[in-house]
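Participant: If you want the building blocks of each chain, they are given just below.
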Amino acid sequence: MGTALERDLFRRIQDRVAIVGIGHLPFAKDIGRPIADTAVEAIQLALADAGLAAEDVDGMCMLEMEATHEVSIARRLGVEGLRWWDKISYGGGASCATVMHAAAAIAAGLATTVVCHRARNRGARSARPWSQERVLVKDDKALHTPWGLIRPVDVIGMWAHRHMHDYGTKREHFGNVAIAARRHANRNPQAMMRDRPLDMQTYLDAKVVGFPLHLYDCCLETDGALACVVTSVERARDLPHKPALVHAVAQASGPNPVHLANYNNTPHMETTSVFCARLLWERSELKQKDMGCAQIYDAFTPLVVMGLEDYGFCKRGEGGPFTEGGRLELGGALPVLTSGGGLSEAYVHGFNLILEAVRQIRGTSTNQVPGCKATLVTGASGVATSALVLRGE
Amino acid sequence: MQDEPLHPDYPLPDLDDPIMRPFWEGAREGKLMLQRERATGAVHWPPKPLYWKGGGRLEWFAASGRGEVYSYVVGREPFLPAFRHLLPLIMVLVQLDEGPRLVGYMVGCTQAEMAFGMRVRVVFKRLTDRVTLPVWEPDR
Numbered sequence: 227m228g229t230a231l232e233r234d235l236f237r238r239i240q241d242r243v244a245i246v247g248i249g250h251l252p253f254a255k256d257i258g259r260p261i262a263d264t265a266v267e268a269i270q271l272a273l274a275d276a277g278l279a280a281e282d283v284d285g286m287c288m289l290e291m292e293a294t295h296e297v298s299i300a301r302r303l304g305v306e307g308l309r310w311w312d313k314i315s316y317g318g319g320a321s322c323a324t325v326m327h328a329a330a331a332i333a334a335g336l337a338t339t340v341v342c343h344r345a346r347n348r349g350a351r352s353a354r355p356w357s358q359e360r361v362l363v364k365d366d367k368a369l370h371t372p373w374g375l376i377r378p379v380d381v382i383g384m385w386a387h388r389h390m391h392d393y394g395t396k397r398e399h400f401g402n403v404a405i406a407a408r409r410h411a412n413r414n415p416q417a418m419m420r421d422r423p424l425d426m427q428t429y430l431d432a433k434v435v436g437f438p439l440h441l442y443d444c445c446l447e448t449d450g451a452l453a454c455v456v457t458s459v460e461r462a463r464d465l466p467h468k469p470a471l472v473h474a475v476a477q478a479s480g481p482n483p484v485h486l487a488n489y490n491n492t493p494h495m496e497t498t499s500v501f502c503a504r505l506l507w508e509r510s511e512l513k514q515k516d517m518g519c520a521q522i523y524d525a526f527t528p529l530v531v532m533g534l535e536d537y538g539f540c541k542r543g544e545g546g547p548f549t550e551g552g553r554l555e556l557g558g559a560l561p562v563l564t565s566g567g568g569l570s571e572a573y574v575h576g577f578n579l580i581l582e583a584v585r586q587i588r589g590t591s592t593n594q595v596p597g598c599k600a601t602l603v604t605g606a607s608g609v610a611t612s613a614l615v616l617r618g619e
Numbered sequence: 002m003q004d005e006p007l008h009p010d011y012p013l014p015d016l017d018d019p020i021m022r023p024f025w026e027g028a029r030e031g032k033l034m035l036q037r038e039r040a041t042g043a044v045h046w047p048p049k050p051l052y053w054k055g056g057g058r059l060e061w062f063a064a065s066g067r068g069e070v071y072s073y074v075v076g077r078e079p080f081l082p083a084f085r086h087l088l089p090l091i092m093v094l095v096q097l098d099e100g101p102r103l104v105g106y107m108v109g110c111t112q113a114e115m116a117f118g119m120r121v122r123v124v125f126k127r128l129t130d131r132v133t134l135p136v137w138e139p140d141r
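Residue numbers (our numbering), protein chains in the order written: chain A, 227 to 619; chain B, 2 to 141.
No lab work stands behind these hints, which were simulated from the structure alone.
C-beta: ideal position from N, C-alpha, C; glycine also.
It is possible that part of the hints are untrue.
Derived list of chain A stretches under chain B, where covered just means 3 residues or more per stretch with a C-beta under 8 Å from a C-beta of chain B [as the list claims (entries may be wrong)]:
1) 364–372
2) 382–388
3) 484–493
Derived EDC-like pairs: lysine to aspartate or glutamate, alpha-carbon spacing no greater than 16 Å straight-line [said to hold, decoys possible]:
4) B:K49 / A:D365
5) A:K364 / B:D10
6) A:K433 / B:E78
7) A:K364 / B:D15
8) A:K364 / B:D17
9) A:K433 / A:E398
10) B:K32 / B:E60
11) A:K599 / A:D516
12) A:K364 / B:D18
13) B:K49 / A:D366
14) A:K367 / B:D18
15) A:K367 / B:D15
16) A:K367 / B:D17
Whole structure, please, built from the sequences with the hints as guidance.
Facilitator: What follows is the structure in structure tokens.
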């Protein structure tokens, strides 16, 4: 990337494809149904929102982890026939990539209307992937799980703790992220934490989960099902909602990648987001200053502090101080996680961040940034990841 | 180091993985094995398969087994049952003197004694007849 030709090629996608429908089931601790079932209903809600029917769908894209079958979902939906489908790896790294792959397929003429979705059940303690890790570990996981480095909080804690050491990042900085997300959730009736306020003292007094990270540094555990509908901008103009145009999108593994414990990629152990951000902003005509808000992947609070640096909203090492003075809250210079995010709305591998970005472009968020013309959505740092810039027309 | 009864759900490495086999075989013999370029001596991690085209330019060698703490985390409950007897577990990212960063855990050291940049050396913890785990202790 970086050459004029490459930028020119990307214009085949840029602003030519849009998200036209969104929908999700109420978030829950125990949704009581399998994801192959909740996925169907979330897609139906998104299609209804788009003013489209199952017959209009000819493509499907989803996350690969805890997979379901495209064909059974298509059958239950009443799709006449799929012409294109895709599954994307790396958990929360895949969220924005679903929209990227759908946009590429539509721009290439392989499909006209694609539904992207994420359905997962992990509200129950026994449903957490790390708790099921046992016996004979293969491939990349053998580089860390035999030493007990398995829980995501510990895998991410390695970056967080080093960041604290290198730059003097404080727990209070992580706390500012948790509190901003919570305040937004308190105004979002759909958020799991809608009626649970959080203050700094409660944040600081919480129990350690994996030092240096504590309870409120960690995202929620949620059963959820969410979907969005992606189609060409020409078709989008005939539909009820203001389209959220796919302006720029990128996917990146970074150098020398490892599935989870990605600690040997560069001399200073940057996260994968650095590489995704570089590609994204090269493709984007809009820049950081044009973003009305940002939905930065927040499985753990330090990912937001580091994400602000990785995506160029501040310099390396300044992510901590950047959180101060209410800057991340509605009314601040850069509101983040305006639905409450994974920390306080629902943790569904960041798919809720995409839906919130669409609401911000439509002007319908419960934490609406006035005049929000564009917004950034990012996937999980650390793993091979993806990111997305949406804009209004 | 002495054996402890191994939890039936302990996540043991797959020793039949041809890429990692020299690492685990070395650990069993009390050696920390790494891979480097024959010509330049450049050390990389994770290892690459020697059977790939051009793999002949790579070789395994016994590393010094010394390095420093690059980062660490301390695990508490809820944790995997296989590791509960080790809690609070100090998981460490060791920057080896040869360059790469390796995941491990600390033995013979409390959380209060941990520090960034602290010198550490490898010790070998036997888990089963076939699996020995390189772990780390302060290099005092």
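Participant: Of the hints stated earlier, which fail here?
Facilitator: none
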